[in-house]
Amino acid sequence: MTSVWPLLLYYLLPLVGLWTYRRGGRTGTLAAGISWFLAAVALGVVIGDARSFAVISFYLLSLVAVMTAFLVVTGTNPVYGALSLIGTFTGIAGVFVVLQCEFFGIVQVILYAGAILVLYLFVVMMVDLPKENAQKRGGVRGIAAIATGLGLLALVVKALAPLGMRLQPAAGASAEPYSVRAVGTALFGPYLVPFEVASLLLLVALVGAIVLSGRERES
Amino acid sequence: MVPLTHVLVFGAVLFLIGLVGFLSRRNFLTLFMSVEIMLNAVNVNLIGFSRSLGDTAGQVFAVFVITVAAAEVAVGLAILILMYRSRGRVLVQDWRALRDN
Amino acid sequence: MLGTGPIPELLPVVPALPFAAALLVALVGPKYLQGRSHALSVAAAAGSFLISAVLFVELLGQNAESRVIHLTLWRWIASGGFETHVGFLFDPLSAVMCLVVTGVGFLIHVYSIGYMKDDPSYFRFFSYLSLFLGSMPVLVLADNFLLLFVGWEGVGLCSYLLIGFWYEKSSASAAGLKAFLVNRIGDAGFLLGLAGLAAVFGTLDFGAIHKAVDTNASVTPWFAGTSMTVRDCFASPLGLGITVGTAITLALFFGATGKSAQVPLYVWLPDAMEGPTPVSALIHAATMVTAGVYLLARAHFLFALTPVTLAVVLGVGTLTAVIAASIAVVQRDIKRVLAYSTVSQLGFMFAAAGTGAFTAAIFHLVTHAFFKALLFLGAGSVMHALDNETDLFRMGGLSKKLRVTSLTFLVGAAALVGLPPFAGFFSKDEILFRVISTTNPSAPWLPQACYAVLLVTSALTAFYTARMVFLAFYGTSRVDSHVAAHVHESPPMMTLPLAALALLAFVGGALGVSGVLGVRLHAPDFVGRFLEPVLGATSQHADSEGAELVSMAAVVGIALVAIALAYFLYVRHLDAPAKIADAFSGAYRALSRKLYVDEVYDWIVVRPVGWLSRLGSGVDRYLVDGIVNATGVVAHGFSWLLGRLQNGDLQLYGLVIGIGIAVILFSVLVR
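Protein chains in written order, with the numbering used here: chain Z, 13 to 231; chain A, 20 to 120; chain S, 1081 to 1751.
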């Protein structure tokens, strides 16, 4: 058994803790504490003796991303959900930085945490959404969704488990391929045409958004 | 260094949280946010592989994913506003245009 | 050697010129050429003839053994062990055929300028005619059976198009369809024969097969799986007393009976007279219908191995000759008389082929091309003068007004009858003598019987030919008065080809004087010696000179008697034929109804096929369609059920996709 399954526990147990804590009461708090403790143990198993600042930051930042994503998905207030999403994006940006793709970390912050989230918040403020009725979620559909998600997760991790550590960063790979220069050269070299097409897509989306939301003025 | 498998497990957990959210929630805005989470999970995988294989292609594709996400959000939110204008709420059950009448 | 120099490369030009003309005329004819459409076609025909002549002269320059021009253009089909090329072969046999086809074709092109004048579809006619003149050289020059088959089908198509040229007439389009369908039946046999040849030899190349047969090489037939010699393979039984060789050659011969209008597939040719007369002359007398004879001559080395098939060929040829000649005796339509005469003469050629005398068959083919084309064109000239009147009993006494036509027609008729020294005399005499002097191991009595029947046939030939000539050109005029007022000789465009063909019909026989006459007159048997490298030597039967002379005298004598009888009946006592017809009303009716062959075919082939197709359509409509409709109903039901699932709920779709992915992953990962 490789260190994948403990990692799964490390990610999922805090979510269980968060969930029980939210349900309130003393039992919830207790369960949350136990979850957090077990998760910390699992983290210890995973990290083992690879104790470097970068590695530890990866696990902490990724846990932040997972937990805020959980809040986004489970929360009833869209405004809080949007704000939690900032945590998710920032956590992922941190992970990118840990992975030495600093450029992408920056792009992540500017585009997602900046532009896209602002758009979300605009809309949330604009449409004045009511709080979602708690009874309307869950039900058979929710249980089926959670079961499917957990089953898929188990299967994916099972598929990943045998890979073990084998796919560690390529031996002797220099930092060069991840630099801004490398990405830029690739974008404006071999990927020039797709890049231009992507910009065209953005233009179309821009026009589409304006046409769709601006229709009221005509009528 | 962080093993690739761990990055992939992180991506998988993120993706499936997004998926469960997409499948169980009723609010369209939350659905959009779930989709954003899923797209980000894909980006995590792409960056992880790019890092591991020493290939810039993964990052280039991540750029395209971001582009598509931006386009999707722009159009999607415009539609959401239209929905809100016509119905006063943005719940999934109101929108069943995919049904074959 | 011939491989160098420009000469072999000229070969493809022979068919290419008319093809190009056909295409051009079809493209620009309707808009720009109109009444000048003939220019391209005639020029192409002349060019083809000239090139053929140049090649022929080139061939004559070689010594007899190396008289072959061969050009392989490209590889056509390569499939497993089977390979075929597109290539052209110009040896003495194809040289003779090519000269006849392009030469007579050219003359008829010229004739058509006058005959088809003022036809609204002038360009279409010349486009078709050029298409034919391109396809026929492909047939003749092909160096393998498959390319020959391409030309074979090409000329069949042109025949169909030209018979139905006046498609507004329902009888014309029906006749075209009949010709096409009857030919299809024969072609099925031809294709089976080709498949058999390919199965035995693994190639369809004339040269390769000929060599394999000559050296009795070892072959590995697909159906046997073991290798054996050609002769053993041909002799291996196939059941019902038929050997492999007999089956293949019979299949090829069946194809030939379709194209060359032999029993039992001759019924299309008389109806083909619905087409314009130049077409009848070119396609249905001189060239295309002789393709069957050419096929047999081309594959003579195969037929030589199978005496049973040869006996069948001899019998069928003789039977066709006599049936067609007897029907011709009572026809009133001048073109139909000529059509049955053509069938009959083709029977003679097949009878010759059936005795192994392929040289005689080809010789008769050549002379027949001359005089039958001449007769048809003459008939066309008569029709031209008489407002398309074809009934012999509404002609008469035309010789005074149509001098050139009647004179040339007379030459053609004399050649057809076989009067010395006209062309038909030499070729027909040759055939008759070869029939009596042959022996066939599989049917010893057959040659003698066939000889007797062919003698009767030549008497009938003389009779119907004389009847036709007398009714049309001599005696009292029975032409309608308002038509008679403007009876006129045809323009020079039409009479010049007539004269040229008359000359050929007159002297053509001198090209192949053989046998006793050749010895006595010291005449060179030009055709026979020229064809010798391909078809083998003509045996000089000097030991039976007396018998041959007697045979010759008998033929001529009988012919003269028949002519005298015809003169008596159709000039002196024109009322006598009707009385005779009354006296033998049964026989007369049978003959004039063409021996009820069409009716019999209708009963045994057409109607059963009709019933079968009606049965098939019933099965299709109720059983097959029922199954199809049931499938549709079931599918519709299921789709209705599945449609319940498609309720427009986006999340349900997503859930199903997720579960699907999970199931796939599960089946891959967990076994």
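Calculated directly from the structure, the hints in this document are not laboratory data.
Virtual Cβ for every residue (Gly too), placed ideally from N, Cα, C.
It is possible that some hints are incorrect.
[As the list claims (entries may be wrong)] Examples of chain A residues toward chain S, derived with CB under 8 angstroms: (1) Phe-41; (2) Met-57; (3) Val-94; (4) Arg-108; (5) Val-111.
Tested hints:
1. Phe-41: Holds, because the Cβ-Cβ distance from Phe-41 of chain A to chain S comes to roughly 6 angstroms (cut-off 8 angstroms).
2. Met-57: This hint is violated: Met-57 of chain A lies away from chain S, its Cβ roughly 11 angstroms from the closest one there, beyond 8 angstroms.
3. Val-94: 16 angstroms, violated
4. Arg-108: With Cβ-Cβ at 16 angstroms, over 8 angstroms, it is violated.
5. Val-111: Result: holds, 6 angstroms to nearest chain S Cβ.
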